[in-house]
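Trainee: Now for the letters of each chain:
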Amino acid sequence: MTIASLIDSPSELTDSSSSKSAIVLMTRIRLARNLAGHPFPGWAKPAQRERVLEACREAVGATAFMKKGLGVGLDELGELEKRILVERHLISRELSGSKQGSGVVISKDQAFSVMINEEDHLRVQVLRAGFQLKKAWAAINEMDSLLEESLDFAFSADLGYLTACPTNLGTGMRASAMMHLPALVIANQMEKVVRAVNQLGMVVRGLFGEGSDASGSIFQISNQTTLGESEEQILKRLSGVLQSIIEHELNARARLLEADPGKLFDKIGRAYGILQNGHVLSSNEAMNLLSLIRLGVDLGMFPDGKRSVTDRLFIEAQPGHLQRAQKGEFEAGQRDILRAERLRSEFANFARPDFTLSANGNN
Amino acid sequence: MANPLKCDLCSKPATVHLTQILDNKVHKVDLCEECAQEKGVTDPSGFSLADLLLKASLNPDQASSGVRCEQCGFTPADFKKQGRFGCPACYSAFKGILDPMLDGMHKGTVHSGKVPQKALERRSLYEKLTKLEVDLSEAIKAERYEDAARCRDEINQVRQAVEQKPSR
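Those sequence lines, one after another, are chains A and B. To convert, note that position 308 of the first sequence is 308 in the working numbering; the numbers rise steadily by one, no gaps. To convert, note that position 69 of the second sequence is 432 in the working numbering; the numbers rise steadily by one, no gaps.
Hints were generated in silico from the structure; no laboratory data involved. Honestly, I wouldn't trust all of these hints.
Derived lysine-lysine pairs resembling DSSO-like cross-links, with alpha carbons at most 27 Å apart [claimed, not checked]:
1) B:K504 - B:K491
2) B:K481 - B:K504
3) B:K481 - A:K67
4) B:K491 - A:K45
Because the structure is a prediction, the values reported are computed rather than measured.
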């Protein structure tokens, strides 16, 4: 498979039928693994990096999960292609800016990706649309066991899997859920939630990981610690925290509807109007408007099936995807015009909001 | 104040003081304005305190001590700079520095998750094989032929087991 055909083919995130999930957009688990006896990527010399890249690319590419997938060195990818992979959460920003001797292997359905020579020799990742911690763990556990058959992982009985950074020691596992929390944002409660979640040993980040902002009211919640608990224990704890955030979001929605439904309807109605008629939309504004439409779907103002449209547009309204669709490089200002054009055509036939259901408290 | 706090990262005067409670443990970090900006501490959408604590927890004495990883040449000073280790063997080379750092960073200090069973078995088979080969040559040298025959049989058994587990 080539990078061009991978980008054009359906992916777990953009074409998933499981966009039924109201609050958790996607579940992701990654495992950090290193080869025994080899220096970590950040300290390795170029020749050592190349050797690890070659060994890992072969081992990863040979697994059943990666059949007909894509395996490339980062130097074989153009800037725009890297950007698109970042926007699809298939590679990290760090890897996209990395030096010689890094690579990535991506499965045909784009559910699995394995970064080679990022911070660790291997960053194995699985993505699942919706709230799927158990399924995601089962899949990545199997993938990891397959890799173990041909690769000698650096492991110590006391410290577990040895990683470049001690914050990933032990299981080397970071599990996260991407959550859509518009009501908590509107009600100004996110700061409180972030603090509470931190106290429970979990981390809250923006849509694209460390340092990114939370446009579109989308947040990533993940475990902070990796040593001293089994994978199952960590996932159980995370799952509990996620459940309670879902509950808080649902309560916040109920309160918004009860306290001042007119104000909420106005927000959603205006978002619909701008998406249908706007001519200049920044990425951030588009995300926030799409977020309100998605909230409208959850509240029954738009048909349930429309959720997959907003979820797809969350990714396709990003700069990289937009430029690829328009086949060219554009300045930010031009992109905002193109983005509005794209959204106008997507929303031209989008059902009008029906506020009667929600007004009757029917959700 | 007679003794102004210094930034944990660069030792300029600290103006940002951060307290976070993680798993019922209080963690404190003092930072100057520049480092706070750089690390995104002022960004409420989240930053990694663990990462900060990691670098701050290394005191200058340790950083300048003469310890060095035999395998890859990494030193504690390199760790202070990068916040990452050089190779897997660094974990045993810098155990003394690592242990206090790990305290409070995670839920515990001992791994209780998945174990790469197959890889470990494979490694132990190879180690067994190496030892048997040494035993065999010693037995032959000492003309202990019964022992030599036993070693040879065991070697054949281990080789068969190894062949069933392909390795890189």
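Trainee: Now tell me if each hint is right for this structure.
Mentor: Status of each hint after checking the structure:
Distance hint between K504 (chain B) and K491 (chain B) is fulfilled; the C-alpha atoms sit about 20 Å from each other, no more than 27 Å. Annotation: proposed proximity of K481 (chain B) to K504 (chain B) is violated, straight-line Cα distance about 35 Å (limit 27 Å). Taken as a hint, the K481 (chain B) and K67 (chain A) pair is honoured in the structure, with Cα atoms around 23 Å apart against an allowance of 27 Å. Among the hinted pairs, K491 (chain B) with K45 (chain A) is inconsistent with the structure: their alpha-carbon atoms are about 32 Å apart, more than 27 Å.
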